[in-house]
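> Position 37 of the sequence shown, counting from 1, maps to 37 under the UniProt record's numbering, and the rest follow consecutively.
Don't take each hint at face value.
[Claimed, not checked] The following label-pair restraints were derived from C-beta to C-beta distances:
#1 SER96 - PRO272: 46 to 52 Å
#2 GLU10 - PRO180: 35 to 41 Å
#3 GLU267 - ASP87: 38 to 44 Å
#4 LEU93 - ALA266: 44 to 50 Å
#5 PRO74 - GLY178: 42 to 48 Å
#6 GLN158 - ARG212: 27 to 33 Å
#7 ASP91 - GLY177: 35 to 41 Å
#8 GLY154 - ARG53: 25 to 31 Å
#9 PRO208 - PRO59: 16 to 22 Å
#10 ALA88 - CYS195: 15 to 21 Å
Simulated from the structure, these hints should not be mistaken for lab results. Built from N, CA and C at the ideal position, the CB exists for glycine as well.
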Amino acid sequence: MAAVIGSDLEKVPGIVSAVVGRPGASPAYVRLPDAVHYAASTMKVAALVAAYRLDLDKPVPVRATFASAQPGAPEFELAGPADDNDDAVWDRLGESVPLRWLARRMIVRSSNLATNLVLGEVGLPAVAEVWRAAGATASIVGRGIDDAAARTAGITNQVTARDLAALMSALALGASGGHPIAGPAACAEMLDVLCAQEYREDLSAGLPAGTRIATKNGCVTGVRHGAGVVFPGDAPPYTVVVCTTTPLPDEDACRLIAQISAEAWAERATLP
Numbered sequence: 001m002a003a004v005i006g007s008d009l010e011k012v013p014g015i016v017s018a019v020v021g022r023p024g025a026s027p028a029y030v031r032l033p034d035a036v037h038y039a040a041s042t043m044k045v046a047a048l049v050a051a052y053r054l055d056l057d058k059p060v061p062v063r064a065t066f067a068s069a070q071p072g073a074p075e076f077e078l079a080g081p082a083d084d085n086d087d088a089v090w091d092r093l094g095e096s097v098p099l100r101w102l103a104r105r106m107i108v109r110s111s112n113l114a115t116n117l118v119l120g121e122v123g124l125p126a127v128a129e130v131w132r133a134a135g136a137t138a139s140i141v142g143r144g145i146d147d148a149a150a151r152t153a154g155i156t157n158q159v160t161a162r163d164l165a166a167l168m169s170a171l172a173l174g175a176s177g178g179h180p181i182a183g184p185a186a187c188a189e190m191l192d193v194l195c196a197q198e199y200r201e202d203l204s205a206g207l208p209a210g211t212r213i214a215t216k217n218g219c220v221t222g223v224r225h226g227a228g229v230v231f232p233g234d235a236p237p238y239t240v241v242v243c244t245t246t247p248l249p250d251e252d253a254c255r256l257i258a259q260i261s262a263e264a265w266a267e268r269a270t271l272p
């Protein structure tokens with residue numbers, strides 16, 4: 001693993017950050033853990049936790065227009081299902097659905113419409129409180145998806161690998177009552193939702209088939225991240241986070257993340 005996180009990554013253009021370690025322990029391996037990256041869809045994990053602090057049975061009207069995070073800006077509208085990952089949420093336009101269902105679609109299919117609906121229910125300050133409770137210091141969810149006015153004004157969503165590792169670790173510890181980010185039952189359910197995530201081209205690709213991993217990834221042009229907690233059958237759980245901001249083609253970034261994930265798996269029994 002040291003070879004991958006060390007000298008091999010020096011050859012990769014751009015910024016590659018990595019954190020590997022046991023939840024609740026000092027990281028076993030780090031590389032540029034505090035470099036700031038555009039969050040892409042990894043910010044949805046913090047929104048998930050914020051949702052699980054509310055009444056998950058609350059009905060939420062499904063709409064496609066939202067208030068901008070930029071004061072004074074008009075409402076913005078998501079383009080439609082062709083620019084999203086989940087037709088199921090768009091099929092419910094004009095109806096009301098449970099917050100729990102939206103939170104799940106936000107993760108398992110990375111639905112942007114579900115994400116904005118969840119953010120509208122929980123509020124951005126509640127998401128900031130989740131980051132704080134996890135021990136994160138630099139990660140921010142400042143706006144919803146495709147809020148162009150806020151983006152133009154410099155309002156952004158950002159993460160670091162260290163903060164994502166802290167958030168994922170908090171969920172793993174919380175499931176056994178070892179972290180106050182949420183109750184044990186809520187943390188266990190959130191881990192199950194993250195385990196059901198359907199996009200498996202990065203961290204999951206570096207693991208043996210069938211390995212349980214609670215994970216969320218994210219990508220936009222030039223950005224590919226993966227954050228997860230791996231639950232081996234023969235070793236304690238461990239957290240692995242890789243954030244890449246590089247000119248690599250996305251498939252190459254996925255292979256790089258999978259390689260780091262495979263190296264972490266190979267040392268799963270000896271991680272301190």
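> Broken hints, numbered, in rising order?
9
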